[in-house]
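Take a look at the letters that make up each chain.
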Amino acid sequence: MPAGFTYAVLIVTIALVAAVALAPAVTITRGGKILAFLALFIFPILAGTLGYEQHMDRSKRTSFCLSCHVMEPYGRSLHVDDPTWLPAAHYQNNRVPRDEACYTCHTDYVMYGTIKAKWRGLHHIYVQYLGSPKPPLHLYHPYNNRECLHCHLGSRSFEEGATHNADPQIMADIKSNKMSCLSSGCHDQVHNTAKLDQVKYWNGK
Amino acid sequence: MQIQETKIAPRLRIAGTLIILGLLVELFTLAWNNPIAFLVFLGVGGLLIFVGVGIYLLSLVSGEQQPV
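Quick note, the sequences are listed as chains A and B, same order.
Residue numbers for the first sequence follow my numbering, beginning at 1 and rising by one.
Residue numbers for the second sequence follow my numbering, beginning at 1 and rising by one.
Excised from the complex, chain A in its bound form (with noise of 0.2 Å):
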């Protein structure tokens, strides 16, 4: 929903209340107690829910993972000049949305993964403002292949790459998830932190 579409209800909704509120006596007459019900719960319950649906919108944005300060090398890492570092090449060639790039990797594609991405979201806040997050941060459990094929899964360059056919049993254990596409020494270059300083970077935006 566009945020224009959102703040257009909220205001509309302000005004409403506002009207029954400072005119109360309205809701004698049948016409004022149908106005009294749009705006004291109809309404009020439109523009929260389209409230929540724009925070969580905005949650998945990049820029808003790249806000706290922890996060500020990960946001660095998209723009190495380095084909072979996986997150740059993601978001350098659009093979992910640039505006939600850190999202599009990072939740789980099974059900209730976005609520379980939103929880860790709200953990990510307790930390940042009532803990010590301490890099380099690392993921709650080993990245998934669920998450690459949920893209690459049926696309040319996978399934008919040479590295991934060299053994018939390679495709199934990286489909399987036995072999780590990332931790198997194949696609290992992700958000190298530690080497931030000796790379070269792109200028693109």
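Please keep in mind that the hints were generated in silico from the structure rather than gathered at the bench.
Misleading hints may appear alongside valid ones.
Unchecked claim - One side of the interface only, derived from the structure: several residues of chain B facing chain A at Cβ under 7 Å: (1) Leu27; (2) Ala31; (3) Ile49.
We treat Cβ as the ideally placed atom computed from N, Cα and C, and that holds for glycine.
Assemble the complex: chain A is given as a structure, and chain B must be docked to it using the hints.
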């Protein structure tokens, strides 16, 4: 039309005030680009709206539409 004060009028004012405050908090958090904005939206704005709507609904079932 003669304006008459009803018994539920004070409750409507309280409910309206709480809802407006909640909506203003919501407006503020939507403009505030900070991770904590969502918590303020839910914990302050959402709570104010919820309590305001609750008072309104309670006034419907417990109040009488009689002039005082």
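Exercise. Hint check: is the beta carbon of B:Ala31 less than 7 Å from a beta carbon of chain A?
Worked result: violated (9 Å)
For this session: Using 7 Å as the Cβ threshold, decide whether B:Ile49 counts as touching chain A.
Result: holds (5 Å)
Exercise. Can we keep the B:Leu27 interface hint, with Cβ of chain A closer than 7 Å?
Worked result: Check passed: Cβ of B:Leu27 comes within 6 Å of chain A, closer than 7 Å.
Hint 2 from the earlier list is the only one contradicted by this structure; the remaining hints agree with it.
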